[in-house]
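Each chain, letter by letter, is given below.
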Amino acid sequence: MDLFGNLGLGIETALLPENLLYCFIGVVLGTAVGVLPGIGPTATMALLLPITFQFASPVSALIMLAGIYYGAQYGGSTTAILINLPGESSAAVTAIDGHEMALKGRAGAALATAALGSFFAGTVATLILALFAPPLARAALQFGPPEYFSLVVLGLIASVALARGSTLKALAMIVLGLLLGTIGQDLNTAVPRFTFGVRELFSGINFVSLAVGLFGVAEILRNLEGERTREVVVKTVTNLWPTRDDFRRMTAPILRGTAIGSALGVLPGGGHILSSFSSYSVEKRISKRKDEFGHGAIEGVAGPESANNAAAQTSFIPLLTLGLPAHPVMALMVGAFIIQGITPGPNVINAEPALFWGLIVSMWVGNLFLVLLNLPLIGLWVKMLAIPYKVLFPAIIAFAAVGTFSIGLNPYDIFAIAFFGVVGYFLVKFGAEPAPLLLGFVLAPLLEQNMRRALTISRGDPLIFIESPISAVLMGLAIVALILAVLPAIRRRRDEVFKEDED
Amino acid sequence: MDRRKALRKAFPDLAAGAIFVGFGLAFALQSLTYDVGTPFRMGPGFFPLLLGGVLTLLGAIIVASGFNAEREGLSGAVPWRGLLLISVALLFFGLTVRGLGVVPSLFVTTSLAGLASVRVRPLTAVAIAAGLTATSVVVFIVALQLRLPLFGPWIPF
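From first to last, the protein sequence lines are chains U and V. Each residue of the first sequence is one higher than the last, beginning at 7 in my numbering. Each residue of the second sequence is one higher than the last, beginning at 261 in my numbering.
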């Protein structure tokens, strides 16, 4: 089938009334929760995941989940612009100039710029996804166990290289995640590992518990450290439509942001975060009005928001073709795929063409819903921002508890939330970011299985990982990525890119 | 005085490193109780033993590097009250949701969670909990049709 035939199938699937409905519900729910201050896209996804498990059809569930993802991203930008409280670091860049614009009474223009930029970027990135995913999946089908092992190693190490903060701690978090992923019955021998005889742990730790604990509960504890009242400076948003001058100024940044985001989004790790930071620094460097940056430059909203959204879309490429999640949200998608009985990877495109292409087209539909919804509904989102924190955090706990319990009716899933909330809080406090842990956790079975298979093929000889040319190249890249991450000179440059947000 | 200052600065690295070493050793030692096998025929203990060793090593390096770190120490006090109350709230839910049912169990859980904030008075927490319990029942049981008992077998009526 050619691209148009495939897209036709996708359009057919995505435009089914029920799928349209689920996409719509996903976008609305994602925005509503994502807009709540202190809840980033990862926590939003983790909290809303259990809802999607109630649907019988995997296509609908995944379409809804993808909708939640864009909604959460957009909701995060709204919060960043209106109260300067970005839920996750990718929205931190938007907060710099977006919030300044809001303070000057131009919140409407900032929000509209973010929405339009995101929509354009989403459209382009969806096309890129449709073009590049099939050949990549075909290439990945040639991969044997040694290649897959090396690919996962590369993915994990690259995610460290792009993350912010201490490389050593990020590496340790990955390994800890991998170890946590081995809890439960061994796939080859059915020996229960690290279960302490508790039957409920035989199937392993529930990834929703882990994500809710690390990104939801730990964040609540961080917020309880210094309780202060947040001020919603912008009570009503007027003048939504940007002026003609705004349109002129935002066009080039949107185009550049889309290009940067599409390219960087494919990278494992913080590709989407890196893309918004990079876009911001590019815009600042080439702008003729450098002094306006930090004081409400519309370019500083248009570029990063487009980059962010393009990256959000193209980060589905490694997930759908290789089964490799590029960042924590994609790690949650992996979990959702598996619960629906589908192993994400190169087989999805052939085994489930309707799901694959339906999901891709629904991404575009979801982005369209976002524009159509968010601009008129902005008043509602502003009201959501006014929900006091004392109501919000017990609500997160309630939702986390009931939602997670509903997945498997397993009390240990609830205990796991508390455990990972507390451990996660201390780890974050001591400077270890939680994202690599979640990636390691999700990839542990893939890594272990392929390592075992590869070494069985080679009769225990580890040289198999460098004897296959593809595997050797991947391993070489992993080593280069590791060296780059540790090298002081590169680290300084990388920190510079990330530093924009603290200025 | 200088030593104390250095220790304060190094504390995040020391603590994080210690956590990693602790987890690494625990996993590695426990792995030894499973069949480790050989690289050719790996047993269930091989992969976790390898990773446990790597984690212990990384933790040790982080501890060692803590002493020449040039950064600020910790910021913000640990909210012990919140930590305790939220953990207890979640444990309570896990332990009682089957026996008491969603309504009583969730009500107690959200009340405890609400009290985690030092700014919330007991009465406010209970009021918020009542509202949240009602909302959750509507969302999960009425709208999403989850099959969870509202009141469990421990409640005699």
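Read the hints as simulated data drawn from the structure, not as lab findings. Check before you lean on any hint, since a few could be wrong.
Said to hold, decoys possible - Keeping only pairs whose Cα atoms sit at most 27 Å apart, straight-line, the calculated BS3-like set for lysine-lysine is:
(1) U:K389 x U:K110
(2) V:K265 x U:K435
(3) V:K269 x U:K435
(4) U:K110 x U:K296
Right, here's what the structure says about each hint:
| no. | hint | verdict |
| --- | --- | --- |
| 1 | U:K389 x U:K110 | 20 Å, holds |
| 2 | V:K265 x U:K435 | 18 Å, holds |
| 3 | V:K269 x U:K435 | 13 Å, holds |
| 4 | U:K110 x U:K296 | 18 Å, holds |
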